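Asker: The listed protein sequences derive, respectively, from chains A and B. Per the working numbering, the very first residue in the first sequence carries number 1; after that it's consecutive. Per the working numbering, the very first residue in the second sequence carries number 1; after that it's consecutive.
Keep in mind that the hints were calculated from the coordinates and are not lab data. Only a predicted model underlies this, so the values are computations on that prediction, with no experimental measurement involved. Careful, some of the hints might be misleading.
Said to hold, decoys possible - Pairs of lysine to any residue, SDA-like flavour, derived with a Cα cap of 25 Å:
| # | chain 1 | residue 1 | chain 2 | residue 2 |
| --- | --- | --- | --- | --- |
| 1 | A | Lys622 | B | Pro294 |
| 2 | A | Lys396 | A | Glu470 |
| 3 | A | Lys622 | B | His254 |
| 4 | A | Lys621 | B | Arg296 |
| 5 | B | Lys371 | B | Tyr341 |
| 6 | A | Lys186 | B | Ala560 |
| 7 | A | Lys188 | B | Ala560 |
| 8 | A | Lys93 | B | Gly314 |
Spelled out, the chains give:
There are 2 protein chains.
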Amino acid sequence: MMSRNLMLYKQCIKICPISTCCITDHRIPQKRAISSVTRPITKYKNITYNPCLLSKKLHDTRLKDVFDEENCNNYTYRTHTCGELRPEHVGKKVTLCGWVQFSRLSKFLLLRDAYGLIQCVVNNDNINLSNIPLETVVKIQGSVTLRPKDMINRKMLTGEVEVTIDSLEVLNSVESLPFNLRDYQKPKEQLRLQHRYVDLRFPEMQKNLRVRSHMIHNMRRFLIEKHGFVEVETPTLFCRTPGGAREFVVPTHHQGLFYSLVQSPQQFKQMLMSGGVDRYFQVARCYRDETTRPDRQPEFTQLDIELSFTNVDGILTMIEELLYESFVKSLPKPPFRRMTYKEALSTYGTDKPDLTYDLKFVNIKSIFSDKLNDNDFGAYALPYTKEIGKLSTKYKEQIRQCAKKYPCKIILNENLSKQLGEDLCKNILNKIGDSNAVIVALGDNENSALCLGEIRQMLASLLKSNNMLEVKENIEPLWVVEFPLFLKGENGLETCHHPFTAPHPDDMHLIDSEPLKVRSLAYDLVMNGNEVGGGSVRVHNSSLQEKLLNILNIDPGTLAHFLNALKCGCPPHGGIALGLDRLVSLACNAESIRDVIAFPKSHDGRDPLSGAPNSISEEDKKYYHISTVK
Amino acid sequence: MMSRNLMLYKQCIKICPISTCCITDHRIPQKRAISSVTRPITKYKNITYNPCLLSKKLHDTRLKDVFDEENCNNYTYRTHTCGELRPEHVGKKVTLCGWVQFSRLSKFLLLRDAYGLIQCVVNNDNINLSNIPLETVVKIQGSVTLRPKDMINRKMLTGEVEVTIDSLEVLNSVESLPFNLRDYQKPKEQLRLQHRYVDLRFPEMQKNLRVRSHMIHNMRRFLIEKHGFVEVETPTLFCRTPGGAREFVVPTHHQGLFYSLVQSPQQFKQMLMSGGVDRYFQVARCYRDETTRPDRQPEFTQLDIELSFTNVDGILTMIEELLYESFVKSLPKPPFRRMTYKEALSTYGTDKPDLTYDLKFVNIKSIFSDKLNDNDFGAYALPYTKEIGKLSTKYKEQIRQCAKKYPCKIILNENLSKQLGEDLCKNILNKIGDSNAVIVALGDNENSALCLGEIRQMLASLLKSNNMLEVKENIEPLWVVEFPLFLKGENGLETCHHPFTAPHPDDMHLIDSEPLKVRSLAYDLVMNGNEVGGGSVRVHNSSLQEKLLNILNIDPGTLAHFLNALKCGCPPHGGIALGLDRLVSLACNAESIRDVIAFPKSHDGRDPLSGAPNSISEEDKKYYHISTVK
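In isolation and in its complexed conformation, chain A is listed as follows (with noise of 0.2 Å):
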């Protein structure tokens, strides 16, 4: 018998369909292992949640530390998880709920809920498992035994031990499954999407929804608790917004009238300001018309701060603390770095450099004596290892596309001298160092940067694809700060930022004469290469509000009620808005922001389960006194 059962377990760890990572990773929202020695511990009442534990190794230790597992238990009628039963549970009756996750030889069942696995066995003639399918919800009663020593996977956190079933009950049964639950075979996103309520079961989705819920709650222990900032829900059926991103409409009983969907809190929380609740915070929804960018969705939640009495320093040091005690994966100790706009066009030709690899502009102006004084050139070399050799033609017809782009000139390698002469050939290779070739852009300064900037990122690509580019495994944080007041827009001037940034008080003099030329207090927080955050110190004096509306070519009149809140007796103020998708997928090592959305959109903003958006019934169209047109 001892040898049937020993063969039949064996067996049953061989086709086990759950892989080793499905097995330990259940509620282990970090990956790799961090020292943890400087990371900051965030206590949670009487557990420690450090998310230093949270490494693979130390897995025994965090479901103790991290987690009152049986407080998840509370309020239901199981007496246990199928996660948390370990030798000590040896001889207990229990009662676990969960999805039949496998059977095997009708004997035995591992059992699958939210925080891991288990596996029961059958003693009874009663317990017929053949008859349940996969993904069958139960409800079983039994006792914990050891299992022999032999039989035990260690690969299992409850590998120790098995249950044996005294009652099977099935709570729900399944007709059939879109897909089944197979890491190793885990179908395409379109079907995921449209079976999420199936695809949410997959260990990793049950991880990243938990890792945002952590990381959010921990911002707001940072801010409430610590700090004395208030959490303040504000509207998000308001009127438009000038000046921004295409805002969804919302038709109203009223004939005609329409309420737009908020982008952002951002007149609220200015006139919260005004109103003097002076330290602001909220987990904004927030709504953008924007299905045509790609990995966006139409509804997306920002952190939203704003704090009165502050200057551009208070709120990047802000964040940082926020970030450092609150984000889930290690990031370097505070102050995270800075770098003006200028200086990140010119070294890395993009305002949201990627630091976690040294690929990094040579300015080259110096060499083209005769355009020293040109203040509108520039030439730049971005220099990269000879040891790749010649481009292929895929990659310099890429480059081609990329130059046509931008009113610029591009030198590959190999034709730097044919193009330059021998002369500024070779000042250049002098420049860059020998055992480096070179690709140099020339013409007007910002496209020739951003250009160069592009290719720089194609070329990064294919240097990590050959590993002849060393890449960080951390996060690298940025900020970039003093971007530019205004751009240049099709009809006139248009806002870098938002209407609302303070110019630089070191460049007001400029405003009228050179505008273009006028920096503004707004910062961009970057993490390898993704725009995470963005914010800046706001105007709060009416009339520099006014004049720079006018400047915009924006109606005043459309936000008189936001400059009278300035009127009234509005302090000095700035804030910051994180964005939460890109910021969770970050920690969680996401590929898309849809990973760590529990029902995102598709692409063209449909929603996969539903079909929406959808027709509605002629009554909707009469109520709201609107038809369609073509």
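Keeping the supplied structure of chain A fixed, place chain B upon it in accordance with the hints.
Answerer: Same frame as chain A, but now just chain B:
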């Protein structure tokens, strides 16, 4: 000099426009002193947050214990708030920022911020207070000095000290104010909402917003830290859910296709259950186009909770403990009182009885011996003290109007013997006691109870205003359980709660034969006559769900995705939604939910600040393929 100062002090105190409440109550989320022995204490990091300490008497303890006020200065250029200076700060150089609340005789300036008030004194001829209008935002540098003993103001928390001004900088001037910030001449709500950015500076609003933030944070801590819940954000742009309130529609760029703004995350939370996220909650923004109902907002916030493998008792217990630990006012110790819908109706004539006063029906059906077997017949008596005397013509008219709405007979005390005859009248008076007068309702059981229920509320107001009804000051929570599953609607059966509510297992056999007799597993939480929450155990079996949809005349095709989620292994589950606007307004003793919402809409759904909803551009209409019609 000294005597002149004294005189000025006294004048200043006398005319100071700040009421005592205004001075001491800025951050007090609790007005009454409550015995704190049995109240649970929520530990914030390093500080003990005990809502029971928040009484006036204990305000000094409060400020130290509840908030680490120093931390409110982090990331700002002030060194202290206006509320924190005490004799121990004497001699310190401080920087304060705030609003000019009051100034007097060019010598005294009362500075206000969100944390309190401090008196500042000019000792320098260069500073001219007479040029500074009220509500100007200033930065003051100076040193803390002790007030002379006879000038101490015990009514101010900072009344023992003052700040001698070294320098004063105007940070933002004031052009004109829509109204003054004087509690004793508070303007009408319409004007206050129109200039909410000024109105928010009143201590009442400052307090309410803080109570709201703290209460919701307490709830999160209870759910996440103590009981392993996961906060999951779900979409608000979705498809229409049949069988509920009117939902706002949102046109999209896809011609003729609209999102609906969710009226609750109901479908999503149930799909999360199917997805194995077994302990979910969300502080969820919800939308209902019901502007015609008073004290409703087109968007509102609910604490939305759902968990798997639970039952009615599990959910009710959870909510009781949640509220007991997070509410900032004293609540009775759980378990709260529970009452069936049937009992509530036959005792109070409503499904949300106010238990703060004792005014109950007496069932007098047994007196009508010929009707004993008529199940549809009901007879209720509402006894009230004779002391009130004869009801005035005005009240009698109100009662008559109310009676008109229901198909039943209402008999006033004075008409009892005339209309029912001496014998019946005597029997009734025997039942209710001689010292009482009575109003009787006869007829259809439900309608007579409902009608008498309305009359009960009128009578209660009358008795209260004459001090003839003892009213408890506490919150009296009550669970009303076992609501009917269906109601008789205009076009057949309608749902009493929503289409996803589980029938009571004991009544399953009646679903086809006598559906109106089927009780459900739905429950409401009532506080002092307000419905503050409601929920149910849900249907998890897809066949039963389909059957219920058919009974309700809802096309199951519109919920195909949802039915599929039940088919794919959905566990048994249930949940609740608490209306946070109402709950917080009870905690704040606020008259209206608008007093606990930063930027509420007015009765007709308009935003008083911006005037939204507004007309939209032709370009927007074209983009969304809509036109406006009559």
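Asker: Would you mind marking each hint as holding or not holding in the structure?
Answerer: Results for each hint:
1. Distance check on the hinted pair: A/Lys622 and B/Pro294 sit about 24 Å apart at the alpha-carbon level, within 25 Å; holds.
2. Pair hint A/Lys396 plus A/Glu470 holds up; C-alpha atoms about 23 Å apart against a cutoff of 25 Å.
3. This hinted pair checks out: A/Lys622 and B/His254 have alpha carbons roughly 20 Å apart, not beyond 25 Å.
4. Distance check on the hinted pair: A/Lys621 and B/Arg296 sit about 23 Å apart at the alpha-carbon level, within 25 Å; holds.
5. A hinted pair counts as satisfied when its Cα atoms are at most 25 Å apart, and B/Lys371 with B/Tyr341 qualifies at roughly 23 Å.
6. Taken as a hint, the A/Lys186 and B/Ala560 pair is honoured in the structure, with Cα atoms around 24 Å apart against an allowance of 25 Å.
7. Our distance criterion of 25 Å between C-alpha atoms is met by A/Lys188 and B/Ala560, whose separation comes to about 21 Å.
8. For a cut-off of 25 Å, the pair hint linking A/Lys93 to B/Gly314 stands: about 21 Å separates their Cα positions.
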